[in-house]
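Here the protein sequences come in this chain order: A and B. Be aware that the first sequence starts at 1, since it is given in this note's numbering, and climbs by one per residue. Be aware that the second sequence starts at 1, since it is given in this note's numbering, and climbs by one per residue.
Don't read these hints as lab results, they were simulated from the structure. Quick caveat: nothing in here was measured; it's all calculated off a predicted structure. Do not rely on the hints blindly, as some may be mistaken.
Negatives, chain A to chain B, calculated, CB over 10 Å [claimed, not checked]:
(1) GLY45
(2) GLU84
(3) ASP172
(4) LYS179
(5) ILE219
(6) LYS326
(7) ASP345
Think about it this way: if two alpha-carbon atoms lie no more than 25 Å apart in a straight line, the pair counts; the simulated PhoX-like pairs of lysine-lysine are [stated by the list, open to error]:
(8) A/LYS179 with A/LYS236
(9) A/LYS101 with A/LYS326
(10) A/LYS180 with A/LYS225
(11) A/LYS81 with B/LYS89
(12) A/LYS292 with B/LYS89
(13) A/LYS181 with B/LYS364
(14) B/LYS225 with B/LYS2
(15) A/LYS81 with A/LYS101
(16) A/LYS180 with B/LYS81
(17) B/LYS225 with A/LYS89
(18) A/LYS179 with A/LYS229
(19) A/LYS179 with B/LYS81
(20) A/LYS179 with B/LYS225
(21) B/LYS181 with A/LYS81
(22) A/LYS81 with B/LYS180
(23) B/LYS225 with B/LYS236
(24) B/LYS179 with A/LYS81
The C-beta atom is built at its ideal place from N, Cα and C for all residues, glycine as well.
There are 2 protein chains.
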Amino acid sequence: MKGNVIVGQSGGPTAVINSSLAGVYKTAMERGYTRVYGMRYGIQGFMEEQYIDLSKHIKNELDLELLKRTPSAFLGTCRYKLPEIHEDKAVYERIFELLDKLDISVFIYIGGNDSMDTIRKLSDYALLTGARQKFVGCPKTIDNDLAITDHTPGFGSAAKYIATSTKEIICDAMGFSYKKKNVTIMEIMGRNAGWLTGASALAAGEDCAGPDLIYLPEIAFDVDKFVEKVRSLLEKQDVVVVTLSEGIHNDEGTYICEYTSGSETTDAFGHIQMTGTASYLAQVISQELGCKTRAVELSTLQRSAAHMASRVDVDEAFAVGGACVKAADEGDSGVMVVIERVSDDPYQSTTGVYDVHRIANAEKVVPREWINKEGDGVTEEFLDYVRPLIQGHYNPMMVDGLPRHLSMKVQNYDWAE
Amino acid sequence: MKGNVIVGQSGGPTAVINSSLAGVYKTAMERGYTRVYGMRYGIQGFMEEQYIDLSKHIKNELDLELLKRTPSAFLGTCRYKLPEIHEDKAVYERIFELLDKLDISVFIYIGGNDSMDTIRKLSDYALLTGARQKFVGCPKTIDNDLAITDHTPGFGSAAKYIATSTKEIICDAMGFSYKKKNVTIMEIMGRNAGWLTGASALAAGEDCAGPDLIYLPEIAFDVDKFVEKVRSLLEKQDVVVVTLSEGIHNDEGTYICEYTSGSETTDAFGHIQMTGTASYLAQVISQELGCKTRAVELSTLQRSAAHMASRVDVDEAFAVGGACVKAADEGDSGVMVVIERVSDDPYQSTTGVYDVHRIANAEKVVPREWINKEGDGVTEEFLDYVRPLIQGHYNPMMVDGLPRHLSMKVQNYDWAE
């Protein structure tokens, strides 16, 4: 008897985080594990005995396919930081007691940097105490900021949605350009890493000029220089479209969004909740240059738009989920599964495993040489890296005109009298 | 010799406004007109001799299909109000001189209320002066606020995008609900008519609870009552999702967005540019109830998301464009083509023509009986009306991972060094 598998989801969701969950489930069943449990709301819910038997929800192959196309965390997610082992041993004793109670032999955690920190601590504790469970991290983040792995599942689909929306927003802006200059500023997720914002450059091609200016958080942002850039662009063209990361900041590290709001909140990891950069800068441009401006914040749409998921991304997320079970089944623990790029053209990838201690809490940002000299665009090398990841389309399963999702429970609605 | 056709686009764009343009082009060619001209930037550009020969841009059937899938106004659009004839006759003399110069016998204008006003004035002037040109209006607006026609091309696709995004945003919000109540407020276009906001209710179904509260501009909005509603919902559930129209206002007619901004601008028709309602109310909820809030503004995405266009809508927009040419060819002038619903189940529609004098400047709002008693939701009748309009999907033509559009010119980009 191999015992059971438990899997959790943590951190910000993506369009394909459930495809990894589907991969975990399928491989675990195929490899002869008895049950696959899902933690509700990650380790936080699990510690309070919130979990489900996944086979009750994935009843057939169609459900599995629906799950692959369902955005956000099917199991629910959390932002919960485990204490260091020496700080609070009781937390760990509690978790391992529950794992034993459920006869868990494999623990998979789908998440980003903070989640890999959880895998690191749990696998360390297992080593210290001789516990039998294997702990494997499954990478996930639209931000693409995990070290070692070539890229993260979730990034390709968000990049595809962003590039598509950028094209459509540019179409929209171009339509209104007669004798009326207009500036559109798009705010894209990314606190410290500009991968997603850079992906807006994919919009450029035979049918679209792409954004005129692209600002990544890797480069200090200067509001005055920005205004001058826009002013000089408006001398030769009527429409200016700018994409920028929510996390752009000045050379002293002050976020541009802090110029305006004043009401920041922080999460359990000390991250500032960001918003308002685009609308602040749109106001500045409007005041300084007197032209029509529009701020577009892609908001949570960019991480939950499963209807625009990339096939490469959905398939890789699924494969990575399966590879986590395989790794644990073959004895690995304290590792994260990584994606290795085998070839650029034609694009091919495979999976590997990597020591989670070397990954946790290290952020991968866009290398300086993939950003242009001026700091307001990305290079061909950047585009060559991203382009394979947005290829292919997973048709949503349309029911009554809308994409169908797999759902655990539906809150009742009573507004229709 | 039948002479030539000229077609223009006006007002806010939609995902399918170019499908109507494609319909005009195809039917005009088939009916033996020599040339189809396109006004650049509507009547405003045309008066300054900005026009193109469409056959130079639509070179084959593939181009025509691409045009049907291209969002925003291919020809460029404007918000330009013609003076009354008695106010400035010279403007009309100028326009008709140009029409004669180009040997125009049919003038088609694709637009909303304001554009039908243009058709009315031009056809009146032709009657007064005995000019030979026929003037036909082609309805278009995501707002669905045109009178007489059952619905307007553009509405169905925007409704489909909004319902899809609402589902995805609800998924996202549900994932984060563990011991942390959260309220999401989605702001949807619609100044005086709540058709689009009501369409968010389509998200509700077997896999999704749909929005908890839906506020249309047809009903006066009370901020205090709203806060109490949300408070009481949060007593029984962790996640509250609210959709509301940008145009909601209190019972004295003051827009909620005016509570905050102070920097409104108005267009040529005196419309206020609206934004900020959702973020204002999110701030109020956060202060009053102390929970996590998020404001999502769908912005121009909702009118330009051709990648989520409804097949019914694209096909009807195409048919309506063709019907405009047919009407003019058969002698109609001063009319708008309307969509008539022949049957609800199975859904069938046809086109008719209607005197533009009875349409211009009249706004069709959501009837009171299609809004629930409380004024915070829509009824089944509303849903039965909208549901057929979001059916079916037009697959985008994907090139290198992104939807391909037909484009007239591409501004050069130089950020890639």
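query = Hint numbers the structure violates, sorted upward?
reply = Of the numbered hints given earlier, those the structure breaks are 1, 3, 4, 11, 12, 13, 14, 17, 20, listed in rising order.
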